[in-house]
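Engineer: Residue numbers (the working numbering), protein chains in the order written: chain A, 1 to 409; chain Z, 1 to 215.
FYI, nobody ran anything at the bench for these hints, they're computed from the structure.
Note that this is a predicted model, so its numbers are computed, not measured.
Using N, Cα and C, we set each Cβ at its ideal position, and we do this for glycine too.
One should not assume that every hint holds.
Partial chain Z-side listing against chain A, Cβ under 8 angstroms, derived [said to hold, decoys possible]:
{"no.": "1", "residue": "Gly24"}
{"no.": "2", "residue": "Pro26"}
{"no.": "3", "residue": "Gly41"}
{"no.": "4", "residue": "Gly43"}
{"no.": "5", "residue": "Gly63"}
{"no.": "6", "residue": "Arg64"}
{"no.": "7", "residue": "Met85"}
{"no.": "8", "residue": "Gly86"}
{"no.": "9", "residue": "Asp90"}
{"no.": "10", "residue": "Leu95"}
{"no.": "11", "residue": "Thr120"}
{"no.": "12", "residue": "Gly134"}
{"no.": "13", "residue": "Val135"}
{"no.": "14", "residue": "Ala136"}
{"no.": "15", "residue": "Val137"}
{"no.": "16", "residue": "Arg138"}
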Amino acid sequence: MPIEVTMPKLSDTMEEGKVLRWLKHVGDRVAPGDVLAEVETDKADMELEAYDEGVLAELRVEEGATVPVGAVIAVLAAPGEDVTAAPGENVTAAPAPAAPKPPAARAEGPRPTLVRRAEAPAPAAAPRPRASPLARRIAEEHGVDLATITGTGPGGRIIERDVRAAVAGAAAPAPSAAAPSGAKRIELGRMRRTTARRMAEAKRDVPHFYVTTEIAMDGVVRLKAELERLGGAWEGLTYTHLLLKATGLALRRVPEMNASLEGEGTLVVHEAVNVGLATAVDEGLLVPVVRACDATPLAELVRQVRELVERARSGRPGPDDLTGATFTLSNLGMYPVTAFAAVVNPPQAAILAVGAVREVPVVREGRVVPGAVMSVTLSCDHRIVDGALAGRFLRELKGLLEAPVALLV
Amino acid sequence: MAGCVEYGRALAWQEALVARRIAGGPDALLLLEHPPVYTLGRGADPRHLGRAAGGPVPVWRVGRGGEVTWHGPGQLVGYPVLGLMGLRRDVHWYLRRLEDVLIAALADVGVVAGRVAGRTGVWVAGRRKIASIGVAVRRWVTWHGFALNVSPDLSGFEAITPCGLAGVEMTSVAREGGPDDVGVVALRVLERLVGIFGYTGWRPLASGAPTEARL
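Model the full structure from these sequences, guided by the hints.
Structural biologist: Shown next, in the form of structure tokens:
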């Protein structure tokens, strides 16, 4: 089904935009992320990217023309789709569109090489939900009914990320039927069921062992308070951000902990330090991935994590948000949890479980004084991690958190 | 402060910074000067090049908004590479904030300037243009940026119709009674940018590079 590309709204105050230059021509294949055109508003030139996959069927607007926000400027067709067919029919057997013409004939304006009849009302019995070909394919692969998805693409169209979110999301829990025992029955959603399966596998296949340490957090508590006072980019700073940074740096120093088991005999030591952050969402547990934790400056981490968690919680994780983790962090410190041991996320080597920061009596220079302490437990895959390695990693982590100025790189 | 960086090299530098930001890296700011060069925005009318077309000074057409302009020694050029997705996904807002940064920095060095509605840039007395703005956005990451005349030889502007506006008088900080040291103004711009966009601070990166602040 043909997809319309419209002039995007790049600002609250933007009413129209100019198409400066087409970077794709009629007949070109287009993949999501490809730049279709450069559009201008005020003194800003923005690269307009495609959301969908397809073949560029039509360029509606000439280079240099100004159109209102929302106006259709181009049309994409599904690969092989014959745009002359009535809407609702996907004539996949049709030959590819006739010889593509780049919009070079400026004098006459771009000539569509195909005649669109998508304006005509659909004769189909049931209206097909508007969705991109890619979205349609993914939905089919996962057995998701497009009618249950709300589209967030242009014109309310269902696009790839909507389907991916639905796949990761839950089916609505069924209302509880009154069971004889008075128990409430809740159907587990897709996300919950996937998590359940993976957890069972992990516990079954991974020989876990656990190593705990307590970290003096007085320095971190002070640093956090000082940074929060600065406001600006430090607004919303949490212990999680500081822990992510410390974990990233510790992994950089003890790279064998930033590793995975491949097959049965190969240890893959990863180049990048990408830490998954176990996050509770309505439907269950998601683990968005914070990339380059070691190299990203702390202030930038605050921003990244905020965006990442927002996307995860709103049910719209980005395509790379949930992949590529080399290690996982799980923080239950917002609850009165002293310590806990998490389940390793295969094929990662380990997962770090962090409890609350507590005021407890500590011994300093032979005296008992109050101090802020946090317990962390590292759960490790004993096929690739030994106690000594776990000990080294925790020593680095403890060192970083107890002298936290190191986290401000 | 940075030395003179050839235009093409600065472009390559920006591309790298943009790619880094898209990949999750930090925001950054390049502050530098260029050897004499004319540039045209993607949608710029080449007729505004006037006598500069075919002359000895190189001409570049680049993917930024805006018309034709001149860069040269004595002019502070700034290329903020900022992730708007972490600030506000609104390009007009971004342009207005850039204007605010320059207006505030100019006030810091004793030059009273402001904006003119409908004429993006920074103006003295509403009619002498002291700074030009032309930005690009890729995946909500900004590049290109602004050019603030500190103490350049303004004759570079005479051959062209700057920003496509006929009869506009170009001016500079020095002309308006302010300092003629680009470095002094650069520092003020950097501090104002940090403040207005809400960064906590900045850190210089690789030595030997044009002054590049990682925000």
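Engineer: For every hint, state whether the structure bears it out.
Structural biologist: Here is what the structure says about each hint:
Hint status for glycine 24 of chain Z: holds, given a least beta-carbon distance of 5 angstroms to chain A, under 8 angstroms. Interface restraint check for proline 26 of chain Z: the shortest CB-CB distance to chain A comes to about 5 angstroms, inside 8 angstroms, so the restraint holds. Using the Cβ-Cβ criterion of 8 angstroms, the hint placing glycine 41 of chain Z at the interface with chain A is satisfied: the shortest such distance is roughly 6 angstroms. The interface hint given for glycine 43 of chain Z is met, as the beta carbon of that residue sits about 4 angstroms from the closest beta carbon of chain A, less than 8 angstroms.
Taken as an interface hint, glycine 63 of chain Z checks out: its beta carbon lies about 5 angstroms from the nearest beta carbon of chain A, inside 8 angstroms. For arginine 64 of chain Z, the shortest C-beta to C-beta distance to chain A is roughly 5 angstroms, which falls under 8 angstroms, so the interface hint holds. Hint on methionine 85 of chain Z holds. Least Cβ distance to chain A is approximately 7 angstroms, under the 8 angstroms limit. Among the interface hints, the one on glycine 86 of chain Z holds; its C-beta lies about 4 angstroms from the nearest C-beta in chain A, closer than the 8 angstroms criterion.
Taking 8 angstroms as the C-beta cut-off, the interface hint given for aspartate 90 of chain Z holds, the closest approach to chain A being about 4 angstroms. About 6 angstroms separates the beta-carbon of leucine 95 of chain Z from the nearest beta-carbon of chain A, less than 8 angstroms, and the hint is met. Against a cut-off of 8 angstroms between C-beta atoms, the interface hint on threonine 120 of chain Z holds, since the closest Cβ of chain A lies about 4 angstroms away. A cut of 8 angstroms between beta carbons decides the hint on glycine 134 of chain Z: the least distance to chain A is about 5 angstroms, and the hint holds.
The beta carbon of valine 135 of chain Z comes within 5 angstroms of a beta carbon in chain A, closer than 8 angstroms, and the hint placing it at the interface holds. Given the 8 angstroms rule on beta carbons, the hint for alanine 136 of chain Z holds: about 5 angstroms separates it from the nearest Cβ of chain A. Using the Cβ-Cβ criterion of 8 angstroms, the hint placing valine 137 of chain Z at the interface with chain A is satisfied: the shortest such distance is roughly 4 angstroms. At about 5 angstroms, the closest approach between the beta carbon of arginine 138 of chain Z and any beta carbon in chain A falls short of 8 angstroms, and the interface hint on this residue holds.
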